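Assemble chain C onto chain X, guided by the hints.
Protein chains in written order, with numbering that gives the first Met the number 0: chain X, 0 to 577; chain C, 0 to 195.
Hints may be right or wrong, so weigh each one.
[As the list claims (entries may be wrong)] Listed below are the simulated SDA-like cross-link pairs for lysine to any residue, each with C-alpha atoms no more than 20 Å apart in a straight line:
# : chain 1 : residue 1 : chain 2 : residue 2
1 : C       : Lys24     : X       : Thr165
2 : X       : Lys346    : X       : Val497
3 : X       : Lys522    : C       : Pro103
[Said to hold, decoys possible] Every beta carbon over 10 Å from chain X, so not counted as near; a handful from chain C, in silico:
#  : residue
4  : Thr3
5  : Ile125
6  : Ala131
7  : Glu157
8  : Arg163
9  : Asp167
10 : Glu175
11 : Arg179
12 : Arg185
Keep in mind the hints are simulated off the structure, nothing from the lab.
Nothing here was measured: the structure is a model prediction, and the numbers come from that model.
C-beta atoms are modelled at their ideal positions from N, C-alpha and C, and glycine is treated no differently.
Spelled out, the chains give:
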Amino acid sequence: MSGNEAVARGAWEAGASVGVGYPGTPSTEVLENLVKYEGVHCEWAPNEKVAAEVAGGASLGGVRALVTMKHVGLNVAADVLYTQSYTGVTGGLVYLVADDPGMHSSQNEQDTRNHGVGARVPVLEPSDSQEALEYTRAAFEISERFDVPVIVRLTTRISHGKGLVTAGSRTEVATRPYERDARKYVMMPGNARVRLRDVAARDEALAAYGSTAEVNRAEERSQSLGVITSGIAYQYVREALPEASVLKLGLTVPLPAQLILDFASRVERVAVVEELDRHLTMRVRALGIDVEEVDLPRRGELSPRIVAEAFGAPPLSRRELVDGLPPRPPLLCPGCPHRGLFYALGKVRAVVTGDIGCYTLGTLPPLNGMDSCVCMGASIGMAHGMDLAGSVERPVVAVIGDSTFAHSGLTGLLHMAYARSEGTVIVLDNRTTAMTGHQGNPVNGVFIDGSDAPAIDLDAVCLALGAGSVRTVDPHDLDATLNVLREETAADHLSVIVSKAPCALLIKDHHDPYAVDEELCTKCGSCVRLGCPAISRDENGRAVIDTATCVGCGQCVQVCRYDAIVGVGPSCDLGGGR
Amino acid sequence: MMMTTVVLAGVGGQGTILAGDVLAKVAVAEGMDVKLSEVHGMAQRGGSVETFVRFGQTVFSPVVDPGMADHLIAFEMTEAARTLTYLRPGGTLVVNRRTVDSLPVLIGDMPAPEGLEEALVGEGAIFLDAEALACEAGSPRSANIVLMGAASYALPFEVPTWERVISDRVPPKTVEANLRAFHLGRDACAEGVCSL
Numbered sequence: 000m001s002g003n004e005a006v007a008r009g010a011w012e013a014g015a016s017v018g019v020g021y022p023g024t025p026s027t028e029v030l031e032n033l034v035k036y037e038g039v040h041c042e043w044a045p046n047e048k049v050a051a052e053v054a055g056g057a058s059l060g061g062v063r064a065l066v067t068m069k070h071v072g073l074n075v076a077a078d079v080l081y082t083q084s085y086t087g088v089t090g091g092l093v094y095l096v097a098d099d100p101g102m103h104s105s106q107n108e109q110d111t112r113n114h115g116v117g118a119r120v121p122v123l124e125p126s127d128s129q130e131a132l133e134y135t136r137a138a139f140e141i142s143e144r145f146d147v148p149v150i151v152r153l154t155t156r157i158s159h160g161k162g163l164v165t166a167g168s169r170t171e172v173a174t175r176p177y178e179r180d181a182r183k184y185v186m187m188p189g190n191a192r193v194r195l196r197d198v199a200a201r202d203e204a205l206a207a208y209g210s211t212a213e214v215n216r217a218e219e220r221s222q223s224l225g226v227i228t229s230g231i232a233y234q235y236v237r238e239a240l241p242e243a244s245v246l247k248l249g250l251t252v253p254l255p256a257q258l259i260l261d262f263a264s265r266v267e268r269v270a271v272v273e274e275l276d277r278h279l280t281m282r283v284r285a286l287g288i289d290v291e292e293v294d295l296p297r298r299g300e301l302s303p304r305i306v307a308e309a310f311g312a313p314p315l316s317r318r319e320l321v322d323g324l325p326p327r328p329p330l331l332c333p334g335c336p337h338r339g340l341f342y343a344l345g346k347v348r349a350v351v352t353g354d355i356g357c358y359t360l361g362t363l364p365p366l367n368g369m370d371s372c373v374c375m376g377a378s379i380g381m382a383h384g385m386d387l388a389g390s391v392e393r394p395v396v397a398v399i400g401d402s403t404f405a406h407s408g409l410t411g412l413l414h415m416a417y418a419r420s421e422g423t424v425i426v427l428d429n430r431t432t433a434m435t436g437h438q439g440n441p442v443n444g445v446f447i448d449g450s451d452a453p454a455i456d457l458d459a460v461c462l463a464l465g466a467g468s469v470r471t472v473d474p475h476d477l478d479a480t481l482n483v484l485r486e487e488t489a490a491d492h493l494s495v496i497v498s499k500a501p502c503a504l505l506i507k508d509h510h511d512p513y514a515v516d517e518e519l520c521t522k523c524g525s526c527v528r529l530g531c532p533a534i535s536r537d538e539n540g541r542a543v544i545d546t547a548t549c550v551g552c553g554q555c556v557q558v559c560r561y562d563a564i565v566g567v568g569p570s571c572d573l574g575g576g577r
Numbered sequence: 000m001m002m003t004t005v006v007l008a009g010v011g012g013q014g015t016i017l018a019g020d021v022l023a024k025v026a027v028a029e030g031m032d033v034k035l036s037e038v039h040g041m042a043q044r045g046g047s048v049e050t051f052v053r054f055g056q057t058v059f060s061p062v063v064d065p066g067m068a069d070h071l072i073a074f075e076m077t078e079a080a081r082t083l084t085y086l087r088p089g090g091t092l093v094v095n096r097r098t099v100d101s102l103p104v105l106i107g108d109m110p111a112p113e114g115l116e117e118a119l120v121g122e123g124a125i126f127l128d129a130e131a132l133a134c135e136a137g138s139p140r141s142a143n144i145v146l147m148g149a150a151s152y153a154l155p156f157e158v159p160t161w162e163r164v165i166s167d168r169v170p171p172k173t174v175e176a177n178l179r180a181f182h183l184g185r186d187a188c189a190e191g192v193c194s195l
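Bound-form chain X, shown alone:
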């Protein structure tokens, strides 16, 4: 099982009856697996804040609930979490948060343990799939015992790493009866001040619990070196330093002070090995322990070798075969509808404020189609702010995906309307949450189990929020898209353009591939500048289309001024391009 599959299993075994989240690599598969179990109702929420509220409501209603997100998602949900820490829980409430050291698929690197400290909620850090299952079960117990939401923090290598797991069976948990308790659940200042005293007492109780809990354990080996570690770093320490004694912390917030002091007293030297922030290092030092300075990176992932070399092992020799290998950046798929839209945006020389999704890849050459990308929903506010700056002569356009628009674009659009903006917002509606692997969302009208859901009416919603016009274009039709883009960026009202065509990977029955007529190709390179992986040049500079990769979207046909791109196969319709 992967760590994510194991968390889902653990939540099910713990008797959770509600699972809710927003997809985000590397956390996505937790909910996708939880939905397969009987007895758990699962939903994708439009964003992490809503997900945390839904899970909180389920907890208030007396059942165990799991809410899932990636690290940046917890920023969105933090508003909820920090106060849920005061209210506490009725049914067990567990946050599954997956961090991404090294930023394999994220816009920043952050250490969720900091949110645990800030919100004063416990953080559990599994080191492999087995622990991902066990700690998730434990998290529900801790949540109810200490009246607190609990964070289970994974990292990419735990989420997506696979290992052997011994699974258990489900424990059915009785719903705790709902009893109105406004002093606990209505966090106005007078009540919150009272609850804060309880939180302080809880911190102490949790620290004492951590010193005896099974999730924190001292492994006694050589007494010359004792290493304090947690999460995936534990595995690297075991491989790199097999002789060292290890204090393996599963519960790192709050810190089990007594356990650490005892461990440190039994070894000659104490070192801390942890990924990302020096969370443990600084707090262990604050206990008065002389922690050895180890030369470990403070950003990115660790590895067995990095740990070994930090403790003095000689570097391994490594082979480098060829200098200057071309990189292989992720790219828009063949037939991706976003490609057509970015091509048109390039033609109007738009300044494009971007967002989080597949379309972020439109930033890369040759499309060079994006000027900013910060976080979910930021494109719309950023476009408005750029207009306020008044320094840009070219049209400023916000692009945002369908799922992202529902996540946090709606309020941005509402603000643009309120602020009398005449800007342009493009919703790239490819009928799915594509980058994380095709999840349902309120725009595409698909539930987490694949069944039909009510889809929101984008046009009606945007008009209701105050857009002056909403027009839908087919981004595969380059001329039509370009015309609408020209008109709406020039218009003196707030415009929403819905660029609507399904993700190329959703289409099972593709058009026939195209080919290049060598006689007609002038080597002008127009088609190559679409950045389609199916199009390359031969040694003479002529365009070549790989028929195995081409899905027949026809964008290149429209770009070629010499009619040199032609259909192959009998059913190919050249007339309309598509």
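Here is chain C on its own, set in the frame of chain X:
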């Protein structure tokens, strides 16, 4: 028993992740502790994909460092060159004899790397035409299983275990073709096309 580390390297869409899954399940079926690590996300297709499979009595780290892999199975020559750094001296290198040009090459920003095959031969690479063998097996998409067949020659697992796991793991309609693909890959080694 010593721990063995295998790195699979290819391009998104080539089936490296399924191949890694098959290998991991074969090792589990033969009673070993196994860890598998892969990185995915970002684009669905076309990026570099690395899968690490480690097996033995007890496996700690799922992550592999340069110079630590016993076997490198490359689904494409550029990725073979890129990931060669993982292979320890004396490790086995199985390479699918094809290139998939990356976007900087396709759009003419960078030249296609030259002399890859010769350079890889110099590193002791064993070459296969996995796509051709896959077509011969009756399923062009089973090139990944052809490569696992070739790799199986260097790995300490029984053929029936491979056959059972492949049958369980691939789509039911393609079981026969994938089993043929596995044996064509394995036979290619036996016949000296690649000699491990």
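Taking the hints in turn, this is what the structure says about them:
1. As the CA atoms of Lys24 (chain C) and Thr165 (chain X) are separated by approximately 15 Å, the hinted pair is consistent with the 20 Å bound.
2. In summary, the hint linking Lys346 (chain X) to Val497 (chain X) is supported, as the alpha carbons are separated by about 18 Å, within the 20 Å threshold.
3. Between Lys522 (chain X) and Pro103 (chain C), the direct Cα distance comes to roughly 17 Å. Compliance with the 20 Å bound is thereby established for this hinted pair.
4. Taking the minimum C-beta to C-beta distance to chain X, about 14 Å, the non-interface status of Thr3 (chain C) holds against the 10 Å cut.
5. For Ile125 (chain C), the requirement that its beta carbon stay farther than 10 Å from each beta carbon of chain X is met, with the minimum near 15 Å.
6. For Ala131 (chain C), the shortest C-beta to C-beta distance to chain X comes to about 14 Å, beyond the 10 Å cut-off, and the non-interface label holds.
7. Every C-beta of chain X lies more than 10 Å from that of Glu157 (chain C), the closest at about 20 Å, which supports listing it as non-interface.
8. Separation of Arg163 (chain C) from chain X is adequate, the least Cβ-Cβ distance of about 18 Å exceeding the 10 Å criterion.
9. The beta carbon of Asp167 (chain C) is kept farther than 10 Å from every beta carbon of chain X, the shortest such distance being approximately 16 Å.
10. For Glu175 (chain C), the shortest C-beta to C-beta distance to chain X comes to about 23 Å, beyond the 10 Å cut-off, and the non-interface label holds.
11. Non-interface call for Arg179 (chain C) relative to chain X: holds, since the shortest CB-CB distance, roughly 21 Å, exceeds 10 Å.
12. Separation of Arg185 (chain C) from chain X is adequate, the least Cβ-Cβ distance of about 25 Å exceeding the 10 Å criterion.
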